[in-house]
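Let the hints inform the model, and build the full structure from the sequences given.
Residue strings, one per chain:
Number of protein chains: 2
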Amino acid sequence: MPVMTPKEFIDINRERFIDELFTILRIPSVSAQSQHKPDMQRCAESLAASLVAAGADHAEVYPTNGNPVVFGEKITDRNAPTILVYGHYDVMPTDPRGEWNTDPFEPVIKDGRIWARGADDDKGQLFMHVKAFEAMCATNSLNCNVKFMLEGEEEIGSTHLYGFCEEYKEMLAADIILVSDTSMIGADVPSITCGLRGLTYMEVEVTGPNRDLHSGHYGGGVANPANVLSRLVASLIDENGHITIPHFYDDVRVFSDEERRDFNSAPFSIEEYKHSLDIGDVEGEAGFTTMERTGIRPSLDVNGIWSGYIGEGAKTVIPSRASAKISMRLVPNQDFSTIARLFEEHFRAIAPASVKVDVKFLHGGAPYVSPTDMPAYKAAEKAIEDVLGKRPLPYYSGGSIPIISGFEKILGIKSVLMGFGLEEDAIHSPNESFGVERFFKGIEAITLFYKYYTESRQ
Amino acid sequence: MPVMTPKEFIDINRERFIDELFTILRIPSVSAQSQHKPDMQRCAESLAASLVAAGADHAEVYPTNGNPVVFGEKITDRNAPTILVYGHYDVMPTDPRGEWNTDPFEPVIKDGRIWARGADDDKGQLFMHVKAFEAMCATNSLNCNVKFMLEGEEEIGSTHLYGFCEEYKEMLAADIILVSDTSMIGADVPSITCGLRGLTYMEVEVTGPNRDLHSGHYGGGVANPANVLSRLVASLIDENGHITIPHFYDDVRVFSDEERRDFNSAPFSIEEYKHSLDIGDVEGEAGFTTMERTGIRPSLDVNGIWSGYIGEGAKTVIPSRASAKISMRLVPNQDFSTIARLFEEHFRAIAPASVKVDVKFLHGGAPYVSPTDMPAYKAAEKAIEDVLGKRPLPYYSGGSIPIISGFEKILGIKSVLMGFGLEEDAIHSPNESFGVERFFKGIEAITLFYKYYTESRQ
Numbered sequence: 001m002p003v004m005t006p007k008e009f010i011d012i013n014r015e016r017f018i019d020e021l022f023t024i025l026r027i028p029s030v031s032a033q034s035q036h037k038p039d040m041q042r043c044a045e046s047l048a049a050s051l052v053a054a055g056a057d058h059a060e061v062y063p064t065n066g067n068p069v070v071f072g073e074k075i076t077d078r079n080a081p082t083i084l085v086y087g088h089y090d091v092m093p094t095d096p097r098g099e100w101n102t103d104p105f106e107p108v109i110k111d112g113r114i115w116a117r118g119a120d121d122d123k124g125q126l127f128m129h130v131k132a133f134e135a136m137c138a139t140n141s142l143n144c145n146v147k148f149m150l151e152g153e154e155e156i157g158s159t160h161l162y163g164f165c166e167e168y169k170e171m172l173a174a175d176i177i178l179v180s181d182t183s184m185i186g187a188d189v190p191s192i193t194c195g196l197r198g199l200t201y202m203e204v205e206v207t208g209p210n211r212d213l214h215s216g217h218y219g220g221g222v223a224n225p226a227n228v229l230s231r232l233v234a235s236l237i238d239e240n241g242h243i244t245i246p247h248f249y250d251d252v253r254v255f256s257d258e259e260r261r262d263f264n265s266a267p268f269s270i271e272e273y274k275h276s277l278d279i280g281d282v283e284g285e286a287g288f289t290t291m292e293r294t295g296i297r298p299s300l301d302v303n304g305i306w307s308g309y310i311g312e313g314a315k316t317v318i319p320s321r322a323s324a325k326i327s328m329r330l331v332p333n334q335d336f337s338t339i340a341r342l343f344e345e346h347f348r349a350i351a352p353a354s355v356k357v358d359v360k361f362l363h364g365g366a367p368y369v370s371p372t373d374m375p376a377y378k379a380a381e382k383a384i385e386d387v388l389g390k391r392p393l394p395y396y397s398g399g400s401i402p403i404i405s406g407f408e409k410i411l412g413i414k415s416v417l418m419g420f421g422l423e424e425d426a427i428h429s430p431n432e433s434f435g436v437e438r439f440f441k442g443i444e445a446i447t448l449f450y451k452y453y454t455e456s457r458q
Numbered sequence: 001m002p003v004m005t006p007k008e009f010i011d012i013n014r015e016r017f018i019d020e021l022f023t024i025l026r027i028p029s030v031s032a033q034s035q036h037k038p039d040m041q042r043c044a045e046s047l048a049a050s051l052v053a054a055g056a057d058h059a060e061v062y063p064t065n066g067n068p069v070v071f072g073e074k075i076t077d078r079n080a081p082t083i084l085v086y087g088h089y090d091v092m093p094t095d096p097r098g099e100w101n102t103d104p105f106e107p108v109i110k111d112g113r114i115w116a117r118g119a120d121d122d123k124g125q126l127f128m129h130v131k132a133f134e135a136m137c138a139t140n141s142l143n144c145n146v147k148f149m150l151e152g153e154e155e156i157g158s159t160h161l162y163g164f165c166e167e168y169k170e171m172l173a174a175d176i177i178l179v180s181d182t183s184m185i186g187a188d189v190p191s192i193t194c195g196l197r198g199l200t201y202m203e204v205e206v207t208g209p210n211r212d213l214h215s216g217h218y219g220g221g222v223a224n225p226a227n228v229l230s231r232l233v234a235s236l237i238d239e240n241g242h243i244t245i246p247h248f249y250d251d252v253r254v255f256s257d258e259e260r261r262d263f264n265s266a267p268f269s270i271e272e273y274k275h276s277l278d279i280g281d282v283e284g285e286a287g288f289t290t291m292e293r294t295g296i297r298p299s300l301d302v303n304g305i306w307s308g309y310i311g312e313g314a315k316t317v318i319p320s321r322a323s324a325k326i327s328m329r330l331v332p333n334q335d336f337s338t339i340a341r342l343f344e345e346h347f348r349a350i351a352p353a354s355v356k357v358d359v360k361f362l363h364g365g366a367p368y369v370s371p372t373d374m375p376a377y378k379a380a381e382k383a384i385e386d387v388l389g390k391r392p393l394p395y396y397s398g399g400s401i402p403i404i405s406g407f408e409k410i411l412g413i414k415s416v417l418m419g420f421g422l423e424e425d426a427i428h429s430p431n432e433s434f435g436v437e438r439f440f441k442g443i444e445a446i447t448l449f450y451k452y453y454t455e456s457r458q
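Line by line, the protein sequences are chains A and B.
Position one of the first sequence corresponds to residue 1 (our numbering), numbered consecutively onward.
Position one of the second sequence corresponds to residue 1 (our numbering), numbered consecutively onward.
None of these hints come from the bench; they were simulated from the model.
One or more of the hints may lead you astray.
Each pair may be met inside one copy or between any two copies, as identical chains are not told apart.
Within a straight-line C-alpha distance of at most 25 Å, the following computed SDA-like cross-link-like pairs (lysine to any residue) qualify [what the hints assert, rightly or not]: (1) Lys274 to Ile12; (2) Lys382 to Val189; (3) Lys274 to Arg321; (4) Lys382 to Phe255; (5) Lys390 to Glu259; (6) Lys37 to Met92; (7) Lys356 to Tyr309; (8) Lys360 to Ile310; (9) Lys378 to Asn79; (10) Lys37 to Pro81; (11) Lys382 to Ala266; (12) Lys356 to Asp238; (13) Lys356 to Ile310; (14) Lys315 to Thr207; (15) Lys315 to Ile156; (16) Lys356 to Glu271; (17) Lys169 to Ala80; (18) Lys360 to Met374; (19) Lys360 to Tyr309; (20) Lys274 to Lys409; (21) Lys274 to Val357; (22) Lys414 to Asp11.
Here you go:
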């Protein structure tokens with residue numbers, strides 16, 4: 001029988017936990033900048049040591065062709081369920097450095113928050129897992145197996161983690177992947193991210209005449225690729241905000257009325273939304289709310305468009321070419337490569353004979369869904385409700401974390417995205433921070449997740 | 001009574017005329033390059049001397065805030081008609097210099113052509129007028145007054161010639177302006193340019209959210225300015241190739257069936273046109289031929305468009321802004337500032353509430369028409385038919401020579417565009433040339449123009 005509860009253990013170790021987090025935060029593990037290569041190694045080693053200190057049977061730093069991956073585990077019982085914790089120790093660059101009020105790599109506590117690059121994303125959030133694991137071990141209350149996989153390339157696309165998962169598939173075997181790398185709707189509105197959109201990113205080029213032409217001599221007589229591209233792009237979305245690519249919606253999961261009601265019950269002010277973006281009105285697919293349009297419905301956006309003369313003043317040219325980068329956010333159960341094919345076929349089909357078109361697939365990622373009826377989701381829901389006093393809402397994020405669907409594809413394991421971030425944490429921006437109390441509440445909630453999840457599996 | 005005809009005078013002076021033209025061609029009077037400033041002055045002085053030598057009462061070099069204007073005249077009879085000859089002595093830059101087969105400023109004759117920068121545009125063509133004037137004076141056959149206005153800034157927008165015309169309006173008084181600075185349809189298809197399109201050049205900017213947004217978090221929920229701009233641009237032309245701006249066509253001069261038949265009788269091969277541009281098909285306003293679309297009908301072209309990420313690879317951004325440069329070629333009797341106003345009103349009216357739009361007028365020029373029934377046109381027609389053996393066709397050029405409509409506006413004088421250039425002369429390109437025989441035929445035709453025009457006015 002434990003001498004104390006995990007919560008009691010957490011409470012008496014608050015100061016030490018913060019000190020240890022600060023040690024990690026002080027390492028400038030910026031994955032995008034090659035001069036920080038030694039810091040990546042140092043950070044990985046420091047985390048491996050933390051895992052062993054917390055109670056892991058062992059923890060190792062695995063070199064990759066990029067930054068190392070930390071793997072550690074504690075196997076309590078081969079028949080018990082296994083939780084695989086995923087997190088990343090790399091952080092975003094700190095520029096513009098001048099806008100930071102304090103040194104991004106010298107964490108300080110002020111106004112109840114920890115200020116440092118990585119305080120939330122994701123060192124702060126991953127370290128909650130290390131400390132929750134320690135609290136469980138120390139109080140002898142761990143009833144499952146735990147594995148940690150901590151990577152150093154999340155901010156640059158998790159390039160080498162896909163291969164790592166392929167190579168160590170057996171070692172990584174687990175029942176569920178637990179991730180804290182997302183945000184909640186608001187401080188008073190706890191939520192669990194249960195959907196992530198996928199992505200199909202295309203580039204198109206429309207070529208008209210074989211050279212730039214004088215718009216006086218040819219204007220009106222030949223197809224202008226910039227006009228044609230505008231026309232083609234415009235036609236991809238109809239007046240109801242529907243994407244016109246044939247079969248685009250075939251695989252889109254239709255949410256039940258109940259799910260939509262649940263999803264829309266999250267507090268959301270359209271006026272605040274418009275005000276914060278300084279727009280006169282929103283725009284999107286008819287029949288859906290803004291939350292739904294950005295969370296559970298696919299979208300199509302021009303990310304870049306260019307053609308002809310774009311300098312100062314005037315040049316009377318009919319450009320020879322016009323290009324655009326066009327990406328589509330996908331929802332379950334759309335397949336990104338199918339969508340790429342449908343897009344290309346459609347774009348080629350609608351191009352007039354007056355131009356040639358080139359369509360390239362740049363990259364893609366699968367949408368991800370964490371079913372709200374799976375035991376791990378229920379365990380996370382209960383754990384958060386216990387700690388924060390409110391049942392968390394299922395949240396469908398419009399963004400993409402490609403590695404999450406990668407895990408499902410390679411390892412065959414679902415993830416629970418039990419994130420404790422908030423918009424106000426300013427991840428990726430100057431003056432990133434993380435609430436001190438949220439850090440401890442998070443640790444506590446994670447211990448409860450272990451408890452409820454294990455119980456549900458017995 | 002003259003001792004010889006102008007033609008005879010021309011025939012016995014061929015070698016000298018060529019030598020004198022070469023002297024002018026050797027001066028590198030490139031108006032776009034400031035290091036050639038002294039060459040501009042030298043060229044102007046050389047031309048003033050040529051005019052006096054040819055028989056002018058006087059000729060002066062007028063300084064302006066830019067390059068000097070040469071003015072010379074011969075007044076034979078205050079009651080006789082006055083012809084004002086306009087031409088320009090400045091030339092285009094010669095780059096890419098490496099593509100020239102000979103020195104652009106050391107003229108040579110080869111294959112029956114004069115090879116040099118300015119051989120056609122416009123030194124060769126304006127010098128035909130100096131020599132025609134000389135032939136008339138020398139043979140005592142000049143029955144009208146002649147004025148010359150030769151500028152040095154045509155290739156850079158005739159910036160200071162407008163002010164010069166305002167200032168010396170009285171001195172420039174004339175019945176007709178005669179210009180050789182255009183081309184004919186083909187060597188076997190003589191033509192007279194009787195229409196030039198005008199221009200209204202606009203720049204638009206569409207602003208959506210107040211900052212670039214993450215396309216995952218916001219995609220589908222907010223109006224993307226690049227998508228909206230594409231939609232707005234696409235809507236400016238309907239499926240029949242008609243421009244949709246209300247009242248855009250109100251002032252467009254409708255050509256009679258006879259005029260259209262005449263215009264379309266010029267040889268034109270749609271297959272050759274498509275082949276030379278490497279396009280699968282032409283595109284334009286329904287109900288008009290390609291010649292008409294580019295000559296006597298207005299057009300609307302995107303000259304430049306830009307928004308968002310236009311570098312290599314992918315960036316998942318919803319851009320905050322999107323811009324385009326859009327110009328319209330205008331035909332008689334459209335007014336460029338009215339069209340600018342109509343465009344702006346329409347563009348603002350069609351913009352959805354989800355974006356803000358900014359519309360700027362960059363510049364404009366009036367269309368020009370040289371009525372084919374005016375005596376000067378008839379005189380040019382007859383003169384060319386006499387010399388080239390075929391009645392020249394009226395040609396409506398899609399391009400613009402803003403100073404020509406400037407003359408009409410400021411001086412109240414119509415111009416006859418009696419150009420002897422050909423597409424093959426490669427003006428503005430490396431290896432510009434001008435046919436030797438065309439040079440002499442042109443001189444002869446100009447003397448006949450004087451004759452017929454004066455006769456028609458008696």
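Comparing the hints with the structure gives:
1. Within a single copy, Lys274 and Ile12 get their C-alpha atoms no closer than 45 Å, and across copies no closer than 82 Å, so neither meets the 25 Å cut-off.
2. Taking the closest pair of Cα atoms, Lys382 and Val189 come within 25 Å of each other only inside a single copy of the chain (15 Å); across copies the shortest separation is 88 Å, beyond that limit.
3. Taking the shortest alpha-carbon separations for Lys274 and Arg321, only the inter-copy value of 16 Å comes in at or below 25 Å, while the best intra-copy value is 36 Å.
4. For a Cα distance limit of 25 Å, the shortest separation of Lys382 from Phe255 inside one copy, 23 Å, qualifies, whereas the shortest one across copies, 80 Å, does not.
5. Taking identical chains as interchangeable, the C-alpha atoms of Lys390 and Glu259 lie at most 25 Å apart only when both belong to the same chain, with a minimum of 18 Å there against 81 Å between chains.
6. In the homo-oligomer, the alpha carbons of Lys37 and Met92 lie at most 25 Å apart inside one protomer (14 Å), although the nearest pairing across protomers, at 55 Å, exceeds that limit.
7. Proximity of Lys356 and Tyr309 under a CA criterion of 25 Å is satisfied in both settings, with 20 Å inside one chain copy and 23 Å between copies.
8. In this assembly of identical chains, Lys360 and Ile310 lie within 25 Å of each other by CA distance both inside one copy and across copies; the values are 24 Å within and 15 Å between.
9. Taking identical chains as interchangeable, the C-alpha atoms of Lys378 and Asn79 lie at most 25 Å apart only when both belong to the same chain, with a minimum of 21 Å there against 105 Å between chains.
10. For the homomeric pair Lys37 and Pro81, neither the shortest alpha-carbon distance inside one copy (36 Å) nor that between copies (86 Å) is at most 25 Å.
11. Taking identical chains as interchangeable, the C-alpha atoms of Lys382 and Ala266 lie at most 25 Å apart only when both belong to the same chain, with a minimum of 18 Å there against 84 Å between chains.
12. When the C-alpha separation of Lys356 and Asp238 is checked against a cutoff of 25 Å, the pair qualifies both within a copy, at 23 Å, and between copies, at 21 Å.
13. Both within a single protomer and between protomers do Lys356 and Ile310 lie at most 25 Å apart by alpha-carbon distance, with minima of 22 Å and 20 Å respectively.
14. For the homomeric pair Lys315 and Thr207, the shortest alpha-carbon distances inside one copy (19 Å) and between copies (23 Å) are both at most 25 Å.
15. When the C-alpha separation of Lys315 and Ile156 is checked against a cutoff of 25 Å, the pair qualifies only between copies, where the shortest distance is 12 Å, while the shortest distance within a copy is 40 Å.
16. Within a single copy, Lys356 and Glu271 get their C-alpha atoms only as close as 44 Å, which misses the 25 Å cut-off; across copies the closest is 17 Å, which meets it.
17. For the identical chains of this complex, Lys169 and Ala80 are intra-copy neighbours only, at 19 Å inside a copy versus 101 Å across copies, given an alpha-carbon limit of 25 Å.
18. Taking the closest pair of Cα atoms, Lys360 and Met374 never come within 25 Å of each other, the shortest separation being 38 Å inside a single copy and 57 Å across copies.
19. Within a single copy, Lys360 and Tyr309 get their C-alpha atoms as close as 24 Å, and across copies as close as 16 Å, so both meet the 25 Å cut-off.
20. For a Cα distance limit of 25 Å, the shortest separation of Lys274 from Lys409 qualifies neither inside one copy, at 38 Å, nor across copies, at 50 Å.
21. In this assembly of identical chains, Lys274 and Val357 lie within 25 Å of each other by CA distance solely across copies; the values are 17 Å between and 37 Å within a copy.
22. For the identical chains of this complex, Lys414 and Asp11 are neighbours neither inside a copy (32 Å) nor across copies (95 Å), given an alpha-carbon limit of 25 Å.
Hint check: violations occur at hints 1, 10, 18, 20, 22; the rest are consistent with the structure.
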